[in-house]
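Asks: The primary structure of each chain is shown beneath.
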Amino acid sequence: MAEMVSLTIDGLKIHAPAGTTILEAATDANIYIPHLCSNEELAPYGACRLCMVEITQGERARLVASCIFEVADGLEVKTNTERVLNVRRLVIELLLARNNKHPALRKIADELGVKETRFPIEQKGCILCGQCVRTCREVVGVSAIGFSGRGITRKVATPFMESPPDCIACGSCVYVCPVQFIPMKEENGVRTIMKYDYPMQKCRKCGQYFAPKKQLEYFSKITNLPLEHFETCVDCR
Amino acid sequence: MKKVKTAQELKSLQEEIKNSRDPEKPCITICAGTGCLTYGSQKLVDNFRSEIEKQNLKGKVEVRASGCHGFCERGPLVVINPQNIFYQRVGLDDAEEIIKETVLNGQIIDRLLYVDPVTQEKILHEDEIPFYKRQMRLVFGMNGNIDPNSLEDYLAIGGYNALIKVLNGMEPEAIIEEIKTAGLRGRGGGGFSMGLKWEATRKAPGLPKYIICNADEGDPGAYMDRSLLEGNPYSILEGMLIGAYAIGSDTGYIYVRNEYPLAVKNITIAVEKARELGILGKDILGSGFDFDVLIVRGGGAFVCGEETALIASIEGRSGEPRAKYVFPSERGLYNKPTNINNVETWANVPLIINKGAEWYRSIGTENSKGTKIFALVGKINNTGLVEVPMGITLREIVYDIGGGIPKGRKFKAVQVGGPSGGCIPESHLDLQVDFDALSKVGSMMGSGGMIVMDDRTCMVDVALYFLKFLEEESCGKCTPCREGVHQMRLILERITEGNGKEEDLKTIEWMGKAIIDGSLCGLGGTAPNPVLSTLRYFRDEYEAHIKEKRCPAGVCKALITYTIDPELCTGCMVCAKICPVEAATGEKKEVHTIDQDKCIKCGACFESCKFDAVKVS
Amino acid sequence: MKTRVKKIIDKYHNDKGFLVPILQDVQKEYNYLNREALNLVSAFLEVPISQLYELGTFYKAFSLKPRGRHEMKLCTGTACHVRGVPLMKDNIERILQIQAGETTPDLEFTFETVNCLGACALGPILVVDGEYHGNLSISKTNRILKKLGKKVKIDEES
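Listed in order, the protein sequences are those of chains A, B and C. Our numbering puts the first sequence at residues 22 to 258. Our numbering puts the second sequence at residues 89 to 705. Our numbering puts the third sequence at residues 402 to 559.
It is possible that part of the hints are untrue.
To be verified - Taking lysine to aspartate or glutamate and the DMTMM-like style, the derived pairs with C-alpha atoms no more than 20 Å apart in a straight line are:
| # | chain 1 | residue 1 | chain 2 | residue 2 |
| --- | --- | --- | --- | --- |
| 1 | B | 589 | A | 252 |
| 2 | C | 554 | B | 695 |
| 3 | C | 474 | B | 198 |
| 4 | B | 601 | A | 249 |
| 5 | B | 424 | B | 378 |
| 6 | B | 188 | B | 198 |
| 7 | B | 689 | C | 491 |
| 8 | C | 554 | B | 655 |
| 9 | A | 223 | A | 252 |
| 10 | B | 645 | C | 491 |
| 11 | C | 417 | B | 380 |
| 12 | B | 131 | B | 112 |
| 13 | C | 547 | C | 491 |
| 14 | B | 148 | B | 198 |
| 15 | B | 556 | C | 532 |
| 16 | C | 429 | C | 411 |
| 17 | C | 554 | B | 378 |
| 18 | C | 429 | C | 494 |
| 19 | C | 551 | B | 670 |
| 20 | B | 556 | C | 494 |
| 21 | C | 547 | B | 695 |
| 22 | C | 551 | C | 503 |
| 23 | B | 686 | C | 491 |
| 24 | C | 466 | A | 75 |
| 25 | B | 594 | A | 103 |
| 26 | A | 145 | B | 560 |
| 27 | A | 223 | A | 249 |
| 28 | B | 353 | C | 532 |
| 29 | B | 498 | B | 380 |
| 30 | B | 424 | B | 560 |
| 31 | B | 424 | B | 446 |
| 32 | B | 601 | A | 75 |
| 33 | B | 131 | C | 530 |
Because the hints were derived from the structure by calculation, they are not lab data.
Please model the complete structure; the sequences and the hints are all you need to start from.
Replies: Structure representation (structure tokens):
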């Protein structure tokens, strides 16, 4: 059992295990902090900056990303100061310039009283939270996609902007995207992610398409079991 | 060189080298820092060497190619010892004459002497020149006394004395205490206490521990770290050795900008020679202390000057910073305790160990001790590197050392601290420069770039310049920096194009605060500074661009026109010849005109007119 | 190519920690980050190709496209900026008909800007194939480009 620490969030006294982040502790206590890049399956990242909170430790008050900063005894957290709200308003206005349509972003904007962004709409769609890239690397373990460029030219990218050789077509990147930016469809035994096609495997027993061939090959490779072993769907096993 | 096995052996070697050198032997030192090399000083070195051969003076006259002397404006520089005669703007073919006249006959060559622009007096000795006189060259001054590729030279000036002292029985804790007491603060930007950083790394659990020398000097307009690496690499190694010993580290990294080929070369040679001598490697000087250094060349990303991004880069990833809620001293390179300090900070260490913390503390102000090297550049007469005690005023730096503004123009501002710094106006010229005073006026020490601006510098354009720089250098990880700086740049661009709106200034100020509060690392956290500080002191210039669609300094292309003053035009046709779009036209010996519809405002006519007839308005 | 890439990797003892320097050496060897070489680095060091692509596009020192025969680097450090380098940048871009960071289609010129070369006393500075040209002016850029074979109007007297 982890050691428990006590802290206050918005005046509320809270106990949380050492090592948890402020965001996790707040969520457990039903205190809402908006966030877009944090995902409990992934290592703390702290990129979107929506989850900023103001903390006081000793005399100094400062802003930290609640998805990274860990709870500590005696920590005072405020989730709604004017300084915090200003950062969130800026962040959401900046993100709206990249994507002013998605309901998830509109909802956060509404909560912050932001009706529209004052910046020119660039409508890039992707908000660069990096969940897809990090999931592919940390959870799936294949690193088929990454980022390219830097700064404002940063993009989620496949190597050389071509069909990614390491992709196993698992679709995890699609599922984690908070703004559904990565398209995926399945038709006639072919799964298409972004614009790349991946053939599906038919179950050896029921004959239904059930998983991308590349994914099964990957399973076979990492488990050292013969490919046939994976060519039957879960229902038929 | 033979390997030395004990501190005693190293001391004897040092003595031996010192005794073998005759201080009265003539020595010609040629500055071969990057600045002087650009003037062609390598050729000069070669010419001196072949002239020495020709005149059978080998062994009788020493020729030394040293690192940067700092007075880049007047290069190529040559110093002749033992008389300490200082020649500047030396021609590449002057070698023969200097040897014949000055070295052999003791005659001074008048035209190569520095002339004080104020008194018109010719100055003979290096240390009498106003540029040097007001400086305190504790760290940087040794550059002129050594050939950076010669370990013997470094030993001859007492090099590695501090290492010997440390290994001769100073406890690691005592070393850390000494550095703490000295009050040495990081010279790379943050200004954090070096001693405290060492202590935290020493105490942090986990092995191995790493130390890193941050030589990814990315601030445009600052080059003191390069000059130290190029000119005196051994002192940096000595500082690192002492730090590693105090911290308990056996591996060090030097992360150096790849744009600095000479620095890479010189530090690589220095490391190899130190290994040969046995002061890097296993069981250094028989103390049981192991330490070696690896050199990593950077990939060209300003953000890698940030500690955590630098670590990511050494680990083979792109330079993305991570939140520093846990310091690198606890979890740094490969998640091990890591100490990072920049070049200049490391170079201060041997000095403190040799002369003592109390001596060091006596220099500087209450909370900023020692000296700082500044790169004094831009619209200034004496461009160069200057090392001054903390607490000196900006006015002394700009006017006494820097010699004021060229062409008698008016000082407008000095931008201190690189892209994260701020512009300081004339009203603050008497500010005593130290870490705290600079922050108080909205600037920062940073790595010590000082860019002087005159009345022909547009402050909105300068702010836009820094924003463009930071937009390009942002890693793109966090939203406020990536998107915020980009949007702010667009607003500023609009203003310089004459399309600014009155509410823009309010928006910029609001954004600036939120970007500072919200960004992940120091790059975004300071990115708005150049904008906010120019807005604080030069709001009227912004307003002129927005309300009157006018660029008072005559810089912003969209807001200026080039015209020809008929009174001054002689009809020499130079502008017509050079104009790439045939906008400037006219007959010979007749007044020329510029067709505004054709003009692309390239500035070629303005630059080439010998009669100042082309006007910007 | 395999042995050439292997030789570079061996120099760094197969250490993934030296990925950036390894790629620098690969670029030096092939004048750019050639795709086949990157695939070899990926295979030898067991580093995902996506990571190499990321590095190749993140760091300014790398180029994924072949570079020009002549390399022109214009310093756009602050000191050079206040001494008027933007006008010279525009001039070079206009003459070469490419933007900074690009290579001419005939692979003759690669024109780039660099942040600071640390030779501020001589600013503005242009480095052409390793040779430094200090105290740059618009007419000086014209003369340099003319020497390299571009058709440029220059004023012969200056």
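Asks: Could you run down the list of hints and mark each one as holding or not?
Replies: A quick look at each hint next to the structure:
Using a Cα cut-off of 20 Å, the hinted pair residue 589 (chain B) and residue 252 (chain A) is violated, with the two alpha carbons roughly 64 Å apart. For the proposed pair residue 554 (chain C) and residue 695 (chain B), the alpha carbon gap of about 15 Å is at most 20 Å, so the pair holds. Distance hint between residue 474 (chain C) and residue 198 (chain B) is unfulfilled; the C-alpha atoms sit about 38 Å from each other, more than 20 Å. A distance of roughly 60 Å separates the Cα atoms of residue 601 (chain B) and residue 249 (chain A); the hinted pair therefore is violated under the 20 Å criterion.
As the CA atoms of residue 424 (chain B) and residue 378 (chain B) are separated by approximately 18 Å, the hinted pair is consistent with the 20 Å bound. Straight-line distance between C-alpha atoms of residue 188 (chain B) and residue 198 (chain B) comes to about 14 Å, which keeps the hinted pair within the 20 Å bound. Taken as a hint, the residue 689 (chain B) and residue 491 (chain C) pair is honoured in the structure, with Cα atoms around 10 Å apart against an allowance of 20 Å. A distance of roughly 27 Å separates the Cα atoms of residue 554 (chain C) and residue 655 (chain B); the hinted pair therefore is violated under the 20 Å criterion.
A C-alpha spacing of about 7 Å is found between residue 223 (chain A) and residue 252 (chain A), which places the hinted pair at or below 20 Å, so the restraint holds. With a CA separation close to 11 Å, the supplied pair residue 645 (chain B) and residue 491 (chain C) stays within the 20 Å bound. For the given pair, residue 417 (chain C) sits about 19 Å from residue 380 (chain B) by alpha-carbon distance, which is consistent with the 20 Å threshold. Of the supplied pair hints, the one linking residue 131 (chain B) and residue 112 (chain B) is violated, its CA atoms being roughly 26 Å apart against a limit of 20 Å.
Simply put, residue 547 (chain C) and residue 491 (chain C) have alpha-carbon atoms about 16 Å apart, close enough for the 20 Å limit, and the pair holds. Straight-line distance between C-alpha atoms of residue 148 (chain B) and residue 198 (chain B) comes to about 25 Å, which puts the hinted pair past the 20 Å bound. At most 20 Å may separate the alpha-carbon atoms for a hinted pair to count; residue 556 (chain B) and residue 532 (chain C) exceed this at roughly 27 Å. About 16 Å separates the Cα atoms of residue 429 (chain C) and residue 411 (chain C), which keeps this hinted pair within 20 Å; it holds.
Straight-line distance between C-alpha atoms of residue 554 (chain C) and residue 378 (chain B) comes to about 63 Å, which puts the hinted pair past the 20 Å bound. With a C-alpha separation of about 25 Å, the suggested pair residue 429 (chain C) and residue 494 (chain C) falls outside the 20 Å cut-off, and the hint is violated. For the hint pairing residue 551 (chain C) with residue 670 (chain B), the CA-to-CA distance comes to about 18 Å; that is within 20 Å, so the pair holds. Between residue 556 (chain B) and residue 494 (chain C) the CA atoms are separated by roughly 18 Å; this keeps the pair inside 20 Å, and the hint holds.
Of the pairs offered as hints, the one joining residue 547 (chain C) and residue 695 (chain B) holds, with about 19 Å between alpha carbons and a cut-off of 20 Å not exceeded. The hinted pair formed by residue 551 (chain C) and residue 503 (chain C) meets the criterion: a straight-line CA distance of about 17 Å does not exceed 20 Å. A hinted pair counts as satisfied when its Cα atoms are at most 20 Å apart, and residue 686 (chain B) with residue 491 (chain C) qualifies at roughly 16 Å. Restraint check for residue 466 (chain C) and residue 75 (chain A): the C-alpha separation of about 46 Å exceeds 20 Å, so the hint is violated.
This hinted pair checks out: residue 594 (chain B) and residue 103 (chain A) have alpha carbons roughly 17 Å apart, not beyond 20 Å. Our distance criterion of 20 Å between C-alpha atoms is met by residue 145 (chain A) and residue 560 (chain B), whose separation comes to about 18 Å. At most 20 Å may separate the alpha-carbon atoms for a hinted pair to count; residue 223 (chain A) and residue 249 (chain A) meet this at roughly 12 Å. With a C-alpha separation of about 18 Å, the suggested pair residue 353 (chain B) and residue 532 (chain C) falls inside the 20 Å cut-off, and the hint holds.
Of the pairs offered as hints, the one joining residue 498 (chain B) and residue 380 (chain B) is violated, with about 51 Å between alpha carbons and a cut-off of 20 Å exceeded. About 31 Å separates the Cα atoms of residue 424 (chain B) and residue 560 (chain B), which puts this hinted pair outside 20 Å; it is violated. This hinted pair does not check out: residue 424 (chain B) and residue 446 (chain B) have alpha carbons roughly 33 Å apart, beyond 20 Å. At most 20 Å may separate the alpha-carbon atoms for a hinted pair to count; residue 601 (chain B) and residue 75 (chain A) meet this at roughly 15 Å.
In summary, the hint linking residue 131 (chain B) to residue 530 (chain C) is supported, as the alpha carbons are separated by about 18 Å, within the 20 Å threshold.
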